[in-house]
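Protein chains in written order, with the UniProt record's numbering: chain S, 1 to 447; chain G, 1 to 447; chain B, 33 to 518; chain C, 33 to 518.
Careful: at least some of the hints might be erroneous.
[What the hints assert, rightly or not] The calculated lysine-lysine pairs, modelled on DSS-like cross-linking and capped at a C-alpha distance of 25 angstroms, are:
#1 K399(G) x K444(G)
#2 K60(S) x K444(G)
#3 K55(B) x K348(S)
#4 K55(B) x K12(S)
#5 K61(S) x K348(S)
#6 K55(C) x K348(G)
#7 K60(S) x K12(G)
#8 K399(G) x K348(S)
#9 K55(C) x K418(G)
#10 K61(G) x K399(G)
[What the hints assert, rightly or not] Between beta-carbon pairs, the in silico distance windows are:
#11 E194(C) x E32(G): 50 to 60 angstroms
#12 R419(B) x R118(C): 34 to 44 angstroms
#13 H227(G) x E194(C): 37 to 47 angstroms
#14 L449(B) x P52(C): 45 to 55 angstroms
#15 R53(S) x G303(G): 43 to 53 angstroms
#16 R118(C) x A228(G): 47 to 57 angstroms
#17 Q33(C) x H227(G): 21 to 31 angstroms
#18 G303(G) x D473(B): 37 to 47 angstroms
#19 R480(C) x K60(G): 58 to 68 angstroms
#20 T28(S) x L449(B): 23 to 33 angstroms
#21 K60(G) x R53(S): 35 to 45 angstroms
#22 G71(C) x D473(B): 27 to 37 angstroms
#23 E194(B) x P392(S): 18 to 28 angstroms
#24 P52(C) x D473(B): 52 to 62 angstroms
These are calculated hints, taken from the structure and not from any lab test.
Backbone N, C-alpha and C fix where the C-beta goes; we use that ideal spot for every residue, glycine too.
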Amino acid sequence: MRYLPLTPDDRKAMLETIGVKSIDDLFTDVPEAARLDGPVDLPRRATELEVERAFARMAKKNLSAGEAPFFVGAGAYKHHVPATVDHLIQRSEFLTAYTPYQPEISQGTLQTLFEFQTQVARLTGMDVANASMYDGSTACAEAVLMAQRITKRRKAVLSGNLHPHYAQATETLAKYMDITVETEGAAPGKADDLVKYIDEDTACIVVQNPDVFGHVRDLAPLAEAAHARGALLIAVVTEIVSLGLLKSPGEMGADIVVGEGQSLGVGLQFGGPYVGLFACRDDRNFIRNMPGRLAGETVDADGRRGFVLTLSTREQHIRRDKATSNICTNSGLMALAFTIHLSLLGEKGLTKLARLNHERAIDLADRLSGIDGVEVVTDAFFNELTVKLSKPAAEVVEKLAAKGILAGVPASRLYPGKFENHLILAATETNTDEDLDALEAALKEVL
Amino acid sequence: MRYLPLTPDDRKAMLETIGVKSIDDLFTDVPEAARLDGPVDLPRRATELEVERAFARMAKKNLSAGEAPFFVGAGAYKHHVPATVDHLIQRSEFLTAYTPYQPEISQGTLQTLFEFQTQVARLTGMDVANASMYDGSTACAEAVLMAQRITKRRKAVLSGNLHPHYAQATETLAKYMDITVETEGAAPGKADDLVKYIDEDTACIVVQNPDVFGHVRDLAPLAEAAHARGALLIAVVTEIVSLGLLKSPGEMGADIVVGEGQSLGVGLQFGGPYVGLFACRDDRNFIRNMPGRLAGETVDADGRRGFVLTLSTREQHIRRDKATSNICTNSGLMALAFTIHLSLLGEKGLTKLARLNHERAIDLADRLSGIDGVEVVTDAFFNELTVKLSKPAAEVVEKLAAKGILAGVPASRLYPGKFENHLILAATETNTDEDLDALEAALKEVL
Amino acid sequence: QAEPLIFERGDFDNSGVDLPEPKGLETRTGGLERTARIGLPGLSEPETMRHYVRLSRKNYAIDLGLYPLGSCTMKHNPRLNEKLARLPGFIDIHPLQPQSTVQGAIELVGELARWLMTLTNTPCVAMSPKAGAHGELCGMMAIRAALDARGETRRRRVLVPESAHGTNPATAVQCGFTTDEIPADATGRVDMEAFKAKLGEDVAAIMLTNPNTCGLFERDIREIADLIHEAGGYFYCDGANFNAIVGRVRPGDLGIDAMHINLHKTFSTPHGGGGPGSGPTVFSEALAPFAPVPYVKKDGDTWSLVEHEAEAKADGNDPFGRMVAFHGQMGMFTRALSYMMSHGSDGLRQAAEDAVLNANYILARCREEMTPAFEGTCMHEALFDDRFLKDTGVSTLDFAKAMIDEGYHPMTMYFPLVVHGAMLIEPTETESKAGLDRFCDTLIQLARSAKAGETERFTQAPRFAPARRLDETRAARQPVLTHAAE
Amino acid sequence: QAEPLIFERGDFDNSGVDLPEPKGLETRTGGLERTARIGLPGLSEPETMRHYVRLSRKNYAIDLGLYPLGSCTMKHNPRLNEKLARLPGFIDIHPLQPQSTVQGAIELVGELARWLMTLTNTPCVAMSPKAGAHGELCGMMAIRAALDARGETRRRRVLVPESAHGTNPATAVQCGFTTDEIPADATGRVDMEAFKAKLGEDVAAIMLTNPNTCGLFERDIREIADLIHEAGGYFYCDGANFNAIVGRVRPGDLGIDAMHINLHKTFSTPHGGGGPGSGPTVFSEALAPFAPVPYVKKDGDTWSLVEHEAEAKADGNDPFGRMVAFHGQMGMFTRALSYMMSHGSDGLRQAAEDAVLNANYILARCREEMTPAFEGTCMHEALFDDRFLKDTGVSTLDFAKAMIDEGYHPMTMYFPLVVHGAMLIEPTETESKAGLDRFCDTLIQLARSAKAGETERFTQAPRFAPARRLDETRAARQPVLTHAAE
């Protein structure tokens with residue numbers, strides 16, 4: 001087998017050195033009834049070519065974003081990623097390294113994480129950030145637990161326009177942790193009223209911006225209301241490119257910002273792996289209560305700058321049942337992709353990219369609002385907006401898919417049984433005028 | 001522009017340091033009439049996405065080998081290349097290094113070239129090999145020139161079944177070098193009679209094995225006849241995988257072996273870059289007359305083994321008009337691909353691969369010989385053979401291409417106006433039973 | 033050579049990405065545009081390339097040499113996996129496209145699920161957990177949900193061996209449980225008497241790693257399973273070490289109720305400097321109904337993803353919830369399935385055998401100069417303690433750092449906690465005998481050197497690494513977590 | 033650390049490739065099967081990966097740092113090029129597929145040809161030459177063919193400046209010419225008087241590099257062109273340094289008859305440790321008919337490749353032959369066109385300007401401590417001689433080797449031959465000002481160090497490289513070109 005270096009002769013010689021007769025002698029601790037005599041009932045080994053063919057067969061059954069006019073968003077966005085990014089994350093030394101527990105031979109990973117943390121903090125308008133989480137939804141859930149630890153309060157208020165997957169992931173994680181989660185109903189195209197939920201038992205309010213329907217809101221009044229009652233404001237950003245154009249959550253008073261970094265460097269990947277962003281204020285109590293890995297600056301024995309994983313006393317491998325979370329990996333390679341893409345873009349590139357996205361969405365809104373049977377319900381947006389169709393959106397999307405157009409996410413896919421006619425569409429720098437033409441023509445035909 | 005690090009401010013500061021006012025001041029040596037005021041009439045800069053789209057548009061117009069039942073050979077063969085090979089040749093340190101003129105910081109390239117040379121020598125049955133040539137055809141031409149230098153004779157005899165491109169490249173290179181090239185007419189499925197051409201003025205005879213029609217011959221009688229008259233036998237191998245099954249040219253008495261290494265590691269690439277193999281006997285006169293780069297073993301100042309480019313007194317940068325050839329590059333990266341693929345295969349893998357190829361060709365021969373209007377004219381072969389059809393082969397190939405089948409090379413493409421009904425087909429380990437079914441069915445339909 | 037930070041090198045007005053000029057349309061953000069600078073430097077493409085290539089060379093990696101981190105399973109990462117994961121049909125599809133347009137992708141998830149269920153002999157697998165610890169959470173939440181469904185509100189105590197990974201107790205707590213430690217016996221396994229003594233009506237589950245973190249198979253595992261079940265609790269198996277037994281033992285045959293599988297450890301997806309991982313979690317019949325959404329289903333030739341609890345209930349299930357947005361780590365699924373298909377059932381079994389063989393070979397070759405923590409053979413990891421360093425002035429940490437100077441990544445140190453100065457060595461199946469011999473020679477030579485009093489070689493190590501020992505105390509006391517603004 | 037050869041490490045019975053079992057059919061090779069062993073070791077995939085990754089780390093590369101090899105043009109190699117070259121529609125097509133099935137590929141070759149002809153203002157380009165020297169051969173063969181067609185059997189003398197690349201005289205000889213050297217004048221350019229004196233009825237051509245190998249533009253190039261034409265000869269321009277003037281000067285406007293273009297130097301295709309190159313050669317009206325087959329043609333919407341002389345003659349051409357099997361370096365064409373389209377006409381011009389600016393910046397910053405070979409500004413390369421090392425005991429070679437210890441690849445040494453102890457520095461346009469400043473600081477510091485008598489630092493260099501200085505004499509005297517069989 002091509003991945004196994006031992007030859008039959010090697011195996012024989014090694015068994016001899018060990019002093020046993022056969023490999024079976026090394027498995028004698030296994031209860032006899034549980035020992036398998038031979039291979040399980042699955043295909044035998046396959047050549048590279050055979051595996052490639054099997055995968056190509058499955059891959060061909062999928063309509064990829066690059067093959068279609070593409071307007072799907074709702075938490076994951078199609079952006080162009082420079083070829084340099086994918087090349088670099090495939091460097092052996094990044095791809096096949098472990099968590100940087102031995103800092104002397106892991107400075108590559110550690111310095112990039114430190115750069116990542118700084119970029120995330122600046123982008124979100126916060127002071128510190130961690131070395132990444134699994135994804136945006138788990139970052140959101142962890143932020144609620146962190147707010148509970150900080151405030152010692154047990155209620156979390158979730159915006160109804162928070163991505164339902166995020167809300168559900170948060171509810172699931174909070175479920176057995178003595179936290180009550182309250183949610184306002186969703187309201188496409190509107191900023192829901194969360195202030196009324198805040199009371200003395202509220203640890204945090206969680207609000208997404210732009211929200212799942214694409215609507216942009218000012219978080220400042222919410223921050224004020226929350227702070228007035230001793231609660232924290234957790235801001236969620238699922239489209240990180242938006243921060244190239246919009247005010248950062250930090251500027252608007254958020255205490256913790258969590259986000260999905262998929263838009264930069266990572267790609268669509270059918271939903272994962274993505275990269276969760278986690279940033280907060282520079283407050284001792286906050287930092288000690290953060291989940292996840294942190295890279296920090298220090299010096300080595302020769303006094304030269306270096307980086308290490310730090311504040312690990314928060315973590316499970318030290319604190320065990322007292323840890324801030326059970327997390328023991330971040331999304332390292334995706335964080336690297338994010339940081340390389342953002343290093344390439346820089347502030348100049350990111351702000352331009354954000355503006356291009358916004359302008360494409362404006363084009364999209366203008367096109368859509370000119371079609372009979374389409375009502376644009378989002379007036380303040382970044383690169384995503386929601387329309388109300390004259391027919392059920394799921395049907396329309398299926399019909400357009402049959403024409404090779406991926407037209408967006410029916411709101412009912414996220415809110416089963418609700419918003420039947422609402423469709424969420426995103427536009428990015430990757431959409432051409434021809435894409436808009438195709439969408440417009442197909443919608444006119446179908447509606 | 002994304003590849004240019006200088007900012008406008010940098011440029012200004014640098015002009016100041018240089019002491020000139022504008023960039024134009026650095027181009028004052030250019031005759032005024034030849035100075036362009038602005039950009040030439042070509043498109044302006046393009047984003048990555050735009051370039052990708054333009055390329056995707058062109059790429060889609062081509063029917064790639066992986067999409068079709070594929071039987072095209074005649075000097076370039078489709079084999080499966082392990083993913084490891086392409087990963088490794090993209091390592092920055094291999095991809096973006098120069099010719100290893102500074103051996104202290106080029107041991108990676110030099111050692112792999114030394115490994116390559118050893119592999120090529122062993123595979124061809126020769127004693128030494130160089131660090132590669134542009135491709136098989138130029139290696140062939142250079143071998144003829146080398147034979148002339150060694151024997152001081154002026155006639156080269158080329159087999160009529162030598163790939164016509166090779167013959168033409170050789171004739172072209174020899175054209176102004178006082179060498180006469182004689183060629184026997186081509187004869188599909190037969191070993192042409194070259195002995196009769198050998199006389200006291202013959203520097204070499206050049207014979208391809210398997211030949212362009214796929215026929216395998218014994219070179220020993222030719223070697224004997226050539227040596228008896230003081231001429232050299234140059235053997236040409238365009239399908240290097242064949243040496244996993246067939247006797248090596250060295251075993252059969254060849255003096256110089258040249259070949260195309262494309263089958264291992266390199267891929268089809270529409271004809272280039274490929275990798276020319278060049279090997280010969282260990283004879284001082286031979287080695288001093290070899291063209292191309294040579295890596296050799298030596299020691300460093302601490303006595304440790306190391307490698308350098310050596311015998312460069314043969315080369316143009318030292319010898320100028322007395323050089324053995326004007327070549328100053330090899331096909332380094334392709335040689336690396338070749339050597340990695342062959343290191344993975346090893347003797348065990350290569351011999352197995354060769355046998356699989358041969359068995360597929362046997363299957364192909366059996367299928368074809370059962371079709372009305374098809375006559376197999378090659379009886380001794382490796383993975384390629386020639387058939388005579390009842391209709392012109394070029395037409396048949398076009399009709400099959402329209403059905404998505406790439407059926408082979410019409411002999412008339414290589415010999416214009418000749419062998420109208422002959423078709424050359426190759427089969428490799430990448431052909432499935434379904435490929436053979438499709439070819440058989442389509443041929444039956446068309447003939 | 034020190035590599036500056038991008039913040040020290042990059043220019044705030046430069047960019048390594050070319051973009052078309054915006055048209056200058058009036059914005060429609062509701063007046064919420066950013067006005068302040070962000071502070072993000074941009075580097076041209078050549079500078080970016082060089083910065084990260086140079087940084088990468090300060091890392092150790094599997095592709096450079098043996099990486100014997102016990103409990104981490106650093107094995108070869110085939111590039112075929114990387115190639116296949118990048119097929120546009122997998123990497124360039126959106127999780128919320130119509131399911132009719134991603135039938136091949138759902139099929140792939142379903143196919144991987146089939147392999148995992150077959151290899152573990154379990155009837156159900158949750159594919160969405162994003163890492164091993166996330167899989168643990170998935171398993172323990174299902175246990176909690178099952179207990180709740182049974183109305184068992186008092187069962188909140190989870191038994192965890194002392195030698196367990198730290199994630200085990202942390203996970204239990206996140207599910208509202210308390211933990212109770214079980215000591216190890218003299219052979220490095222669960223002390224059965226202690227275990228039995230801890231059983232009771234408030235016991236929710238046991239969390240047991242098998243093979244355990246000492247690299248030993250828990251001989252009494254069937255009895256443990258029976259006892260915990262009799263006591264009314266569930267058996268969570270930490271599958272971190274599944275790689276040692278794939279194809280030779282099916283955990284479902286051992287009586288487990290839930291087990292996560294680290295695709296990056298067992299099935300070769302790259303560790304990537306600390307992630308992403310992927311932790312599909314298999315369930316017994318008893319727990320299957322409580323598995324989270326989404327899950328994959330096949331009706332005739334049509335594949336589908338069940339994304340909502342209501343749908344799941346229509347299937348007769350009672351999911352405990354959703355753990356994550358979307359459907360899991362597709363990019364890791366493709367890689368893992370590529371690896372599994374490449375090996376096949378026979379190759380996977382061989383891989384487990386070779387992993388165990390390699391570990392035992394190290395144990396055998398080094399047992400004279402170093403001190404094995406326990407008697408007998410081991411599974412996929414060889415565990416030593418620091419008795420052989422007694423009175424040498426060299427600690428386990430020093431010994432490990434000296435390995436760096438010999439060109440190796442250190443083994444796992446000071447874990448498991450049940451062994452003093454533990455050194456846990458896991459070579460994996462992708463090391464050659466020649467490579468192991470060189471490694472053992474080095475270990476033996478270092479051990480002799482320590483005993484011979486060549487202390488400086490250890491306490492001053494590493495000397496030939498990109499950095500000398502780093503001041504971790506300073507990093508923690510005066511945390512500098514971001515680069516200060518200019 | 034020394035890395036063994038695969039022959040010392042690999043096993044002859046092992047393989048890193050899985051293949052199905054052959055069926056065991058009787059062979060049909062005419063009884064010519066191999067019986068002897070070949071002697072090729074096979075390594076498992078993990079061992080192969082590690083072997084070559086470790087070897088790679090003994091190389092210097094552009095991606096690691098400045099690579100100031102004058103005359104070699106080591107610039108950034110964009111990974112977009114690598115990505116696009118690997119599209120199945122380009123990398124997985126056969127050169128002899130029906131032309132109807134490769135219309136996009138031929139179009140790409142045609143499109144690249146259009147860019148090259150436009151940038152050079154020439155009416156014809158031969159795309160098949162495989163490297164720069166091969167392009168020279170192509171150009172000189174066309175000249176020879178044109179002379180032959182004119183019946184000029186006596187014109188066999190080719191004028192070549194002393195400063196020319198060695199390939200120039202070697203190429204001329206391969207076309208049956210003799211060479212005659214023209215000296216340089218005090219400014220580093222062609223000595224016009226000497227040139228004029230050498231003109232005559234037996235002169236076939238001049239081969240001139242412009243900008244020349246001293247990094248200087250040949251001011252009198254138009255006059256040279258006119259004179260050689262008047263004398264009945266042709267003007268071959270060595271295009272190795274075209275990168276300095278792309279977009280600012282079209283060689284066709286200077287009166288050249290043929291010029292090769294190194295795609296790897298001017299248009300960023302990777303050097304790959306010494307190849308593959310690609311050397312398309314442009315021709316004037318006078319030489320165009322003699323260009324070799326194959327060439328690309330467009331009729332209406334249909335692209336075709338003219339592969340045979342007979343076809344070419346039907347087009348009114350008289351090709352001198354075929355240089356190579358198939359159609360040229362497609363893999364380099366894709367990369368070069370990707371680079372050219374990315375830059376566009378404006379970006380290419382900017383690139384040439386920045387290359388010249390960077391070289392002059394180095395010249396300006398180092399001129400106090402080092403000794404420029406000639407007065408005034410330069411084009412894309414800064415040329416120094418070794419006068420500044422006089423009486424220091426440090427040679428150009430020592431100085432270059434000392435740069436290795438500072439983390440840089442040395443500059444080109446002892447070339448061009450017209451300058452004593454030449455050091456030819458070409459930074460290219462893809463270096464940043466900050467990077468150049470660090471580089472100049474190093475050069476200046478080294479120059480001062482040499483003058484201060486710190487000789488050992490130079491003569492013992494390199495000390496911090498994967499190898500110390502290698503014994504090249506031994507390698508040449510006792511050549512070991514392959515590993516001896518076991």
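Hint by hint, here is what the structure shows:
| no. | hint | in the structure |
| --- | --- | --- |
| 1 | K399(G) x K444(G) | 12 angstroms, holds |
| 2 | K60(S) x K444(G) | 30 angstroms, violated |
| 3 | K55(B) x K348(S) | 16 angstroms, holds |
| 4 | K55(B) x K12(S) | 72 angstroms, violated |
| 5 | K61(S) x K348(S) | 39 angstroms, violated |
| 6 | K55(C) x K348(G) | 16 angstroms, holds |
| 7 | K60(S) x K12(G) | 53 angstroms, violated |
| 8 | K399(G) x K348(S) | 54 angstroms, violated |
| 9 | K55(C) x K418(G) | 37 angstroms, violated |
| 10 | K61(G) x K399(G) | 17 angstroms, holds |
| 11 | E194(C) x E32(G): 50 to 60 angstroms | 28 angstroms, violated |
| 12 | R419(B) x R118(C): 34 to 44 angstroms | 55 angstroms, violated |
| 13 | H227(G) x E194(C): 37 to 47 angstroms | 44 angstroms, holds |
| 14 | L449(B) x P52(C): 45 to 55 angstroms | 49 angstroms, holds |
| 15 | R53(S) x G303(G): 43 to 53 angstroms | 52 angstroms, holds |
| 16 | R118(C) x A228(G): 47 to 57 angstroms | 50 angstroms, holds |
| 17 | Q33(C) x H227(G): 21 to 31 angstroms | 47 angstroms, violated |
| 18 | G303(G) x D473(B): 37 to 47 angstroms | 22 angstroms, violated |
| 19 | R480(C) x K60(G): 58 to 68 angstroms | 59 angstroms, holds |
| 20 | T28(S) x L449(B): 23 to 33 angstroms | 27 angstroms, holds |
| 21 | K60(G) x R53(S): 35 to 45 angstroms | 21 angstroms, violated |
| 22 | G71(C) x D473(B): 27 to 37 angstroms | 28 angstroms, holds |
| 23 | E194(B) x P392(S): 18 to 28 angstroms | 58 angstroms, violated |
| 24 | P52(C) x D473(B): 52 to 62 angstroms | 38 angstroms, violated |
Of the hints listed earlier, those the structure fails to meet are numbers 2, 4, 5, 7, 8, 9, 11, 12, 17, 18, 21, 23 and 24, in rising order.
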